[in-house]
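*Asks:* Counting from 1, one number per residue, gives the positions in the sequence shown under full-length UniProt numbering.
If you're looking for bench data, these hints aren't it; they were derived computationally from the structure.
Positions of the beta carbon are idealized from the N, C-alpha and C atoms, including for glycine.
Each hint should be verified, as a subset may be incorrect.
To be verified - Per label pair, the in silico range of CB-to-CB distance:
#: 1; residue 1: P29; residue 2: E2; range: 35 to 45 Å
#: 2; residue 1: F22; residue 2: E2; range: 40 to 50 Å
#: 3; residue 1: P29; residue 2: D3; range: 36 to 46 Å
#: 4; residue 1: P29; residue 2: P4; range: 35 to 45 Å
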Amino acid sequence: MEDPAVAHGRGFSASLSFSLSFSVTLFQPP
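Make the full structure from the sequences, and use the hints.
*Replies:* And the structure:
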């Protein structure tokens, strides 16, 4: 079984990179 802290850290970094790429796509100039 996987360590919950490791699983949580991976999910956090994944959501962070997703929101980062989303904000970059949203706020880039036309």
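*Asks:* Take the hints in turn and mark each one as holding or not.
*Replies:* Hint-by-hint comparison with the structure:
no.: 1; hint: P29 with E2: 35 to 45 Å; verdict: 42 Å, holds
no.: 2; hint: F22 with E2: 40 to 50 Å; verdict: 27 Å, violated
no.: 3; hint: P29 with D3: 36 to 46 Å; verdict: 42 Å, holds
no.: 4; hint: P29 with P4: 35 to 45 Å; verdict: 41 Å, holds
In summary, the structure is inconsistent with hint 2 from the numbered list given earlier, while agreeing with all the others.
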